[in-house]
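Student: With chain P fixed as given, assemble chain L onto it according to the hints.
Chains P and L, in that order, give the protein sequences.
One gets this note's numbering by counting positions in the first sequence from 1 and adding 723 to each.
One gets this note's numbering by counting positions in the second sequence from 1 and adding 723 to each.
No lab work stands behind these hints, which were simulated from the structure alone.
Among the hints, a few may not be true.
If several chains are the same, the list does not tell them apart, and a pair holds so long as it fits within one copy or across any two.
For lysine to aspartate or glutamate, the following DMTMM-like pairs were computed, each having C-alpha atoms within a straight-line distance of at most 20 Å [stated by the list, open to error]:
id : residue 1 : residue 2
1  : Lys1106   : Glu827
2  : Lys919    : Asp797
3  : Lys725    : Glu774
4  : Lys828    : Glu1086
5  : Lys811    : Asp926
6  : Lys824    : Glu1086
7  : Lys1060   : Glu778
8  : Lys810    : Glu863
9  : Lys935    : Glu915
10 : Lys1031   : Asp1069
11 : Lys935    : Glu1114
12 : Lys1106   : Asp926
13 : Lys965    : Glu827
14 : Lys828    : Glu1112
15 : Lys853    : Glu1112
16 : Lys853    : Asp1085
17 : Lys965    : Glu774
Protein chains: 2
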Amino acid sequence: MKAEIICVGTEILMGNIVNTNAAYISAGLAGLGISCYYQSVVGDNDARLKEVFDESSKRADIVILSGGLGPTEDDLTKETVSRALNKKLILDDKAWKQIQKFFEKRNLKLTDNNKKQAYVPEGAKVLYNKNGTAPGIIVEGEGVTAILLPGPPGELIPMWDNQVVPYLRSISGECFYSEMVKICGSGESFVETDLKDLIDAQDNPTIATYAKTGEVHVRVTAKAGSEKEAHKLVKPVVKEIKKRFGSKIFTTDESVTLEASVIQLLFENGLTLAAAESLTGGMTMSRLINVPGASNVVKMGFVTYSNKSKRKALGVKRSTLEKFGSVSEQCAKEMVKGCASAVKADVAVSLTGIAGPDGGTDEKPVGLTYIGVSVLGSIKVKKYLFSGEREKIRESATAAALTLLRQCLLESLPGAAGEDTESGV
Amino acid sequence: MKAEIICVGTEILMGNIVNTNAAYISAGLAGLGISCYYQSVVGDNDARLKEVFDESSKRADIVILSGGLGPTEDDLTKETVSRALNKKLILDDKAWKQIQKFFEKRNLKLTDNNKKQAYVPEGAKVLYNKNGTAPGIIVEGEGVTAILLPGPPGELIPMWDNQVVPYLRSISGECFYSEMVKICGSGESFVETDLKDLIDAQDNPTIATYAKTGEVHVRVTAKAGSEKEAHKLVKPVVKEIKKRFGSKIFTTDESVTLEASVIQLLFENGLTLAAAESLTGGMTMSRLINVPGASNVVKMGFVTYSNKSKRKALGVKRSTLEKFGSVSEQCAKEMVKGCASAVKADVAVSLTGIAGPDGGTDEKPVGLTYIGVSVLGSIKVKKYLFSGEREKIRESATAAALTLLRQCLLESLPGAAGEDTESGV
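Just chain P, with the same shape it has in the complex:
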C-alpha cells in the first residue's frame, strides 16, 4: 500500500512554520509499514492544490492532506478534494452540533463561516474533533482514498493516533517491523563501508543509515504477513550489525538517546556524575539533564569559561595554564580531577577547546579540543579536532564527550562491558 502526504498552507511555503505534521504522519506511516515516496507542500490555492492532489492520486492508494480545513475563505482543501473526487458537500448534523457546543462552552460567538466546517463530502467517514472545530474526513474515491486532517498539531496528532491509525491498520494487509541500531564514535562513511555488503544485498529487510552529530543510526525494516515473521527477518541482520560494531552500539531502541544510555550506565552502577565545561559552556550537562531521572546520578556541573574560574573552582594550577595554556591535555586533566574531587563525584568529564571563530593559531587551530574523563580516579584525556562553525564545534564536542564517557565507563566496569556484549547490547 502506498500513501502520499500533502500539507496545505502558505505559512509553510513562507517558512513561517516548520512542517512537523509531515514528519509526524511519515513516522506513523513507516510504523504501519505503509510506503510513502513523496511529500508535497502547496499553498491555499485551488488550482495548485488540485494539480498536486491529482498527481498524488495517480501514484498512491491513499493521499493524506493536512491543513486548509479552517472557517475562512482561504481554507479550501475540502472543497478542492471533493471536486477532484466528484463528491457533493453535505451538512453533517453531528459535526455542526459539536461546533456549536465548542463555541458555547468557550463563550465565543459563532460566525456564518463556522457552519462551512460542518460540511463533508457525501459518503465520507467523519473524524470528529475534540480539540478544535474542523472535523477530519476519510473519503474513498475511485482508486484513491483521501484523508483530510486539520493543520494545528494539537488537533492533528490525537486525530491521527486515535482515528486514522486504527483505520489504516484495518485496511492494510501487511505487517512491518523495524529496529534502529544507534552507533557512536564512527563516521557515516565508515559505517557504510563496514556495512556495504549488507546494504548492497538489501531487499527485505531494508537497511538505511542516518548521520547525526557524532552518531550514526541504522534502521533495519522488514515486511511480512505477520509482525512475528517481520521480526524474524530483522533479527539476524541486527545481530550481524552488532557483531561488526560491538560496543560502539549504544542502543537498538529508537527512543533511547546517547545521553540516556550514559545516564543508564551510571545509574545501573550506582555512580554519580559531575562536569566541568569550558568551550561547551554547559551544553554537555544540559543534554544529560534532559534525560528524565537524571537527578539520580547528576551531582553538579561547572561552567568554567575563564582561566580564573578554572583555577578557583577546579584547582587548575596557574603554572599549568601559563606553561601549556587552557586548551591542553594537562589542563583537561587537572579540570576533570579537580571537578571530581570538588564535587566528590565518582565520574567526571571535562571539556576545553577553541570554538572560534577567533582565537585559533597554527599550533592550536579553531576546533582543537581536549576531553577528560575520570572514572573512580582513573583519568583518560583525548584530543580532537572538530570542524564547522562555533555552534557545530560545540555540538560535536558534546557528542564526543558523551561517547568518551560511555567508552571509559564500559572499560572501567568490565561487568557492564561484558554484560553489554553478551546480551548483544
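Tutor: For chain L alone, kept in the frame of chain P given last:
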C-alpha cells in the same frame, strides 16, 4: 522569479527528521521576494527524483535541492540532476583538494567513495564547503537553474547565507530590502493582534511573523527599482513597529540573537555575568557562551541540579529548601544571590523549576519555574508556567531567563534603556 524546493532524503519520508531545511530556504526566498509555490520531498531514488525535478523545472525558474550529495551510493541527487539537464560530471580539482585536506586535517582515512563528492556538472558554479565534504552546486540548464545543497543544516545554512543568497540577489532583476524586527516577551498571537491593521493593509512592504521559542520575529520586506528605494519603503513600517513594541524589541539585525543582545548589553556596561541553573542544567549558559566574545563578560556558571549542590555551591539555606522546596521564589532568590557573591559577578541569573514528565503536583505542576536575576545587588524573581514536553519547557525557561536578564539590565541601567529608546531600539 519563481523557485521550488525539493528536499531529498529517505530519512525525511520516514519521519526520522523534521524538514527544517525547507523552512529555512523558504524563509530565505521570502526575504528575497522570490515566490515559492511548491515544496517537495522525495527519497534517494533516481526515477522518482527525476520525475519531481522535471515537474518542478517546468513550473519554476530555479529549483533548489537539498540532500543526497553524500559519499555513499544512496546519494544520487547530483547524478540525477546532471542527467536531467544533460550535463557531464567532471572532477573539480579544487573540491577534491579540499576533501583531501578535510580528511588529512582530521587524521581520517579517505575511502574511494569520497572522490565521488568532488565531481560536478560541467560549467557549474561550485559552492565550496568549509563545514563538510560535499560542495554545493549551481548549474544553469535550459530554462531552469538548479541549486544543489548538502543536507546537514550545519553545512546548508552557511552555504545558503554566504553563497546562494548573494547569487540569487545578483540574478534577480528587482531589488529587495528587508529588516527583521525581533521581539522578546510577547506571544505570537499578541504580536499579530497588535499588528493586525498593518498586516491587513500590507502590500509593499510585506509583513510576516515567525514564532520562535520565547521570541517573535517580524520580517518587513519591500521591493523596488533600487535597494535605496526599497529601504525607504521599509523604514516607516519598522518605525511604527518599534513604536508599538518599544524595549521588547531586542534587535532589527537578522544576525543578532537574544543571547548576543544580552552579552552586548553587559559588555557595553562593563558588567560580568554568572549563572546558577537547576532545571535548565547549563542550557542558558551554553546559549550565552555560543556568542563569540562571551569570554569578555561570562565569569562562571553552576549547574546545581541537586539540593545539596544548591546548598554547597550557592549557600541556599537548608531551612529554605525544607520550608518552600527547591522550586520556589525563595530558593531562586537565594540561588541568584549566592551565585553572584560566590563568583563576585556584577550580574547573575538563576533558574529552578519542574521539567517533568514526573515530579509535578497540583500545587506545583510540571512547567512551574522561578527565574531570579541580580543586577549589582538588586534582585528580581519572576514566576512562570511553561507547557510542553521536558525539552520544550527547558528551552522556554532558557528564553525567559535571557528575556528577564535583558529587561532587568535595561531597568537598572537607565543610560542603556534611554539610549536604546532614543536610537529606536
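Student: Confirm or reject each hint.
Tutor: Results for each hint:
1. Lys1106 to Glu827: Between copies only: 15 Å across, 52 Å inside.
2. Lys919 to Asp797: between (48 Å within a copy, 11 Å between copies)
3. Lys725 to Glu774: For Lys725 and Glu774, both the intra-copy (19 Å) and inter-copy (17 Å) Cα distances are at most 20 Å.
4. Lys828 to Glu1086: between (56 Å within a copy, 13 Å between copies)
5. Lys811 to Asp926: neither (44 Å within a copy, 31 Å between copies)
6. Lys824 to Glu1086: between (59 Å within a copy, 17 Å between copies)
7. Lys1060 to Glu778: neither (63 Å within a copy, 61 Å between copies)
8. Lys810 to Glu863: within (10 Å within a copy, 44 Å between copies)
9. Lys935 to Glu915: within (14 Å within a copy, 36 Å between copies)
10. Lys1031 to Asp1069: Intra 25 Å, inter 16 Å, cutoff 20 Å: inter-copy only.
11. Lys935 to Glu1114: Cα proximity of Lys935 and Glu1114: in one copy and across copies (14 Å, 18 Å).
12. Lys1106 to Asp926: For Lys1106 and Asp926, neither the intra-copy (41 Å) nor the inter-copy (55 Å) Cα distance is at most 20 Å.
13. Lys965 to Glu827: Classified as neither; 51 Å inside a copy, 29 Å across copies.
14. Lys828 to Glu1112: between (40 Å within a copy, 16 Å between copies)
15. Lys853 to Glu1112: between (35 Å within a copy, 9 Å between copies)
16. Lys853 to Asp1085: Only across copies: Lys853 and Asp1085 sit 17 Å apart there, 52 Å inside one copy, limit 20 Å.
17. Lys965 to Glu774: neither (46 Å within a copy, 38 Å between copies)
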